[in-house]
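There are 2 protein chains.
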Amino acid sequence: MMPKKSTKSVSKTALKVLPKASFSLRTARLEDFEEIYDIFRHVLTEGKTYSYTLAEMTPDRSLAYWISAPGTHCIVADVNGKVAGVAAIRPNRTGRAGHVANASYMVHPDYRKQGIARALGEQALKIAKKQGYKAMQYNFVVSINSVAVKLWKSLGFTIVGTLPKGFQHATQGLVDVYIMHKFL
Amino acid sequence: MMPKKSTKSVSKTALKVLPKASFSLRTARLEDFEEIYDIFRHVLTEGKTYSYTLAEMTPDRSLAYWISAPGTHCIVADVNGKVAGVAAIRPNRTGRAGHVANASYMVHPDYRKQGIARALGEQALKIAKKQGYKAMQYNFVVSINSVAVKLWKSLGFTIVGTLPKGFQHATQGLVDVYIMHKFL
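Protein sequences appear in the order of chains Z and L.
Taking this note's numbering, the leading residue of the first sequence gets 32, the next gets one more, and so forth.
Taking this note's numbering, the leading residue of the second sequence gets 32, the next gets one more, and so forth.
For the record, the hints were derived by calculation from the structure and aren't laboratory data.
We put the beta carbon where it would ideally sit given N, CA and C, even for glycine.
Be aware that one or more of the hints could be misleading.
Covered stretches of chain Z, as calculated for chain L (at least 3 residues, CB under 8 Å) [what the hints assert, rightly or not]: (1) 80-86; (2) 121-134; (3) 151-157; (4) 165-172.
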């Protein structure tokens with residue numbers, strides 16, 4: 032899959048030209064894990080999106096989280112063999128709530144603003160639907176992560192819940208968290 | 032702690048008199064687990080409140096869930112040495128969301144409508160506050176479980192989210208699920 036064309040005009044985007052990398056989406060391989068874990072450590076250290084601590088997210092737990100836990104389907108955005116982004120699709124809960132999927136995403140800091148998260152999100156929805164899920168639910172979208180909130184809304188998600196002061200943001204203190212949902 | 036007096040008039044309650052049992056709340060002991068697990072199996076088989084399947088909730092996993100997982104504090108309502116109800120207080124998430132508590136509850140079918148859930152809920156809030164949590168959050172309150180929704184509202188919880196068709200109810204099909212929240 033090729034990156035989506037930006038809807039911004041050339042004159043606007045010309046101000047900050049990024050080296051656009053052509054990426055393809057593919058199922059993750061075990062060999063990708065080291066790069067995925069590097070991104071995860073970076074993201075957790077940033078402390079702006081995920082609640083997990085670096086200490087608890089050992090390599091073993093991280094491997095389960097992104098790739099190997101039961102029912103998990105992991106895809107990566109591949110740029111010349113390098114992991115530029117990752118998405119894990121999994122059941123949000125089991126049993127009587129097992130018809131709802133959940134997904135997690137990360138984009139490597141060097142490859143942001145290139146449409147990779149959008150492409151991963153679109154693909155995750157396709158995969159979840161193909162696997163028979165009836166909905167996709169994000170449990171923890173930090174409310175001030177406006178890029179993410181805007182992206183998911185543009186893909187048809189709605190905010191179905193707001194957890195007041197649910198996240199201790201690294202630089203902004205306690206901020207709200209959104210639960211976002213989309214029927215498939 | 033004694034059960035709360037009902038606010039219903041005598042004439043109304045007289046129609047269905049239950050054998051009222053005096054109960055006390057105490058920290059759970061490992062020896063309580065067998066009785067807790069019996070209640071859990073009954074509740075999961077009912078399929079009206081929890082999403083977990085009986086198959087996945089093995090004794091080992093159930094023991095962790097109710098008593099032994101890190102950060103879990105389990106209390107029981109004790110009626111003459113028998114477990115009439117149980118509550119587990121735990122962190123809802125870790126790290127940057129670790130300031131929010133979560134709790135799960137069950138009341139033995141023979142001891143319902145006696146104020147046990149309310150007493151457990153009140154005690155859970157006290158314990159969570161004492162442990163330093165800033166809020167209590169319930170992630171999965173089945174919307175048509177009106178007894179629970181009414182009880183938690185009466186204890187100061189508000190509905191902060193609605194997961195549409197999030198639960199496959201044993202007899203009512205797909206129903207909404209509430210996320211309920213209370214600052215401590």
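Now for the hints, and whether the structure bears them out:
1. By the rule of at least three residues with a Cβ nearer than 8 Å to a Cβ of chain L, the coverage given for the stretch 80-86 of chain Z holds, with 4 such residues.
2. For the stretch 121-134 of chain Z, the proposed coverage by chain L is satisfied: 8 residues have a C-beta within less than 8 Å of a C-beta in that chain, meeting the threshold of three.
3. Proximity of the stretch 151-157 of chain Z to chain L, defined as three or more residues with a beta carbon under 8 Å from a beta carbon of that chain, is not established by the 0 residues found.
4. Residues of the stretch 165-172 of chain Z lying with their CB closer than 8 Å to a CB of chain L number 4, which satisfies the three-residue condition for coverage.
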